[in-house]
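Enquirer: Chain by chain, the residues:
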Amino acid sequence: MIVAHRKPMEEILRSIEGIDKLALCGCNSCVAVCLSGGEREVRILASQIRIARQEAGRLIEIEELVLERSCEPEFVEKAAEVVQRTDGMLNISCGVGVGYMAEVYAPYRVIPGLNTTFYGVGLGEGVFEERCGGCGDCLLDRTGGVCPIIRCAKSILNGPCGGSQDGNCEISKDMPCAWQLIWDRLRDQGREEDFHVVEPVKDWRTATAAGPRRLAQEEIAVDRTEPA
Amino acid sequence: MTVAFACKNSGAGTLGRMAIEPEDLKAIEVPCGGRVDVIHLLRAVEQGAQRVLVLTCRPGVCRSIEGYCHAERKVARANALLQEVGSSARVEAHAIAANEPGLLARILGEGDRPAAEGDTEG
Chain A
1 MIVAHRKPME EILRSIEGID KLALCGCNSC VAVCLSGGER EVRILASQIR
51 IARQEAGRLI EIEELVLERS CEPEFVEKAA EVVQRTDGML NISCGVGVGY
101 MAEVYAPYRV IPGLNTTFYG VGLGEGVFEE RCGGCGDCLL DRTGGVCPII
151 RCAKSILNGP CGGSQDGNCE ISKDMPCAWQ LIWDRLRDQG REEDFHVVEP
201 VKDWRTATAA GPRRLAQEEI AVDRTEPA
Chain B
1 MTVAFACKNS GAGTLGRMAI EPEDLKAIEV PCGGRVDVIH LLRAVEQGAQ
51 RVLVLTCRPG VCRSIEGYCH AERKVARANA LLQEVGSSAR VEAHAIAANE
101 PGLLARILGE GDRPAAEGDT EG
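Which chain is which? The protein sequence lines are A and B, in order. If you use my numbering, the first sequence corresponds to residues 1 to 228, in order. If you use my numbering, the second sequence corresponds to residues 1 to 122, in order.
No lab work stands behind these hints, which were simulated from the structure alone. Don't take each hint at face value.
Claimed, not checked - Under the rule of at most 20 Å between Cα atoms (straight-line distance), these lysine to aspartate or glutamate pairs were calculated in the DMTMM-like manner:
(1) A:K78 - A:E39
(2) A:K173 - A:D184
(3) A:K154 - A:D137
(4) A:K21 - B:E46
(5) A:K21 - A:E63
(6) A:K7 - B:E84
Here the structure is a predicted model, which means the values were calculated and not measured.
Modelling step: build the complete structure from the supplied sequences, incorporating the hints.
Expert: As C-alpha cells, this is what we get:
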C-alpha cells in the first residue's frame, strides 16, 4: 500500500489560513489502511481545525467527505457538489489523489494534508515499513524477494558494502543490512551461487528518470484524458 | 463545562451515587471506557468542554479486561492533538469503582461537598 503520514499541524493551519468554507477529503484506500487519511482521520482533523479556529477567533465551516478512491474518475467525480460549495479542499489522500483532484477540479484549490512517504507493508497494528521503490524493473527474483533499492541505505545492487556489520547497516544498529537479508534468503533457498552473479548497471529510465510513467492495458484501455 | 464519559459498570454508577450533581457536568454513559474514541473527546471540547473525563473500571476488574488501558492511550492521544492546536482544554482518564463517589467528587473538584452513603472513599 501507499503509506503517508499527516503534515505538521502548523503547516496545515497555515495552508488553509484564508479559507473559511473548507472541504476536508479523505480516501478509503491505502491511506485509510495506514491510519492517516481514512474516515476516522478526517473526523479527527476536522475537529482539530475547528478547535484551532475557535481558539483563533475565526470560525471555519468544514464539509467532511471520504472517497472510496481519490485516484479514479468515477470516485473523484462524487466530490463535485462539495467542491462547488467550498472555497478550497484540504485533502488527506496520498499525493496521487491530491494531484488528480487538483487536475480534475482546476482552478479549485486542493491542498495536501499528508506527506506521501513510501510503498510499504503493515508489520503490526499501526506499524508500517517500506518494501518497494517502484523502480519499474523488478529484480526481486534475483534477490530472494528483498529489495536492495529500498532496503539498502545506499541502494547498491551488488552488496554488501563495507558498512555491513553483524548483519546490520552502518547507519543504524536497528536496521538490518539488506544484503545480509539477501544472502540469508538465497542461502535458505539453496541459491548461494546466485549471490555472486553481478547485477549490471540499472536502467533508471523505467523509474522516474524518464518523466511520468504511463500504463495502458491495451485490451481495455479507454483514455478519458483524450478528446472523444 | 466538564464532560464525563462514564463506563456503565463503574463511572456511571459512581455518578449515580453523588450526593450533589455538579451543575456544569454533562455525563455520558458508555458501554466501556475503552470504547470512547479520540473523536468523542475532541467533539466534547469543540462543544465547549474545558475538561473531559473518561471514567473507567479499575485495572484488574474491568469487564472488558483492558478498558482502562485503551482509555489511557486515547486520552493521551487526544491531549497531544489538543496541544497541537493550542487548546487549553484537558482530557483525563480516571479508574474508579462504582462505590467511590467521594473519589469522584475530589476528581471533579467537589471534594468539600458531602458524599452519599456507601462511599468507601469518603
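Enquirer: When you check the alpha-carbon spacing of K154 of chain A and D137 of chain A, does it fall within 20 Å?
Expert: Holds. K154 of chain A to D137 of chain A sits at ~18 Å (cutoff 20 Å).
Enquirer: Starting from K21 of chain A, check that the Cα of E63 of chain A is at most 20 Å away, please.
Expert: Holds - the C-alpha atoms of E63 of chain A and K21 of chain A are around 8 Å apart, at most 20 Å.
Enquirer: Can the restraint linking K21 of chain A and E46 of chain B be considered satisfied, given a maximum Cα separation of 20 Å?
Expert: Holds. K21 of chain A to E46 of chain B sits at ~17 Å (cutoff 20 Å).
Enquirer: Given the hinted pair K7 of chain A and E84 of chain B, is their Cα-Cα distance within 20 Å?
Expert: 12 Å, holds
Enquirer: K173 of chain A and D184 of chain A were given as a pair; does the straight-line alpha-carbon distance stay at or below 20 Å?
Expert: Given that 20 Å is the threshold and the Cα spacing comes to 18 Å, the pair holds.
Enquirer: Are K78 of chain A and E39 of chain A close enough, with their CA atoms no more than 20 Å apart?
Expert: 16 Å, holds
Violated hints are absent here; each numbered hint is respected by the structure.
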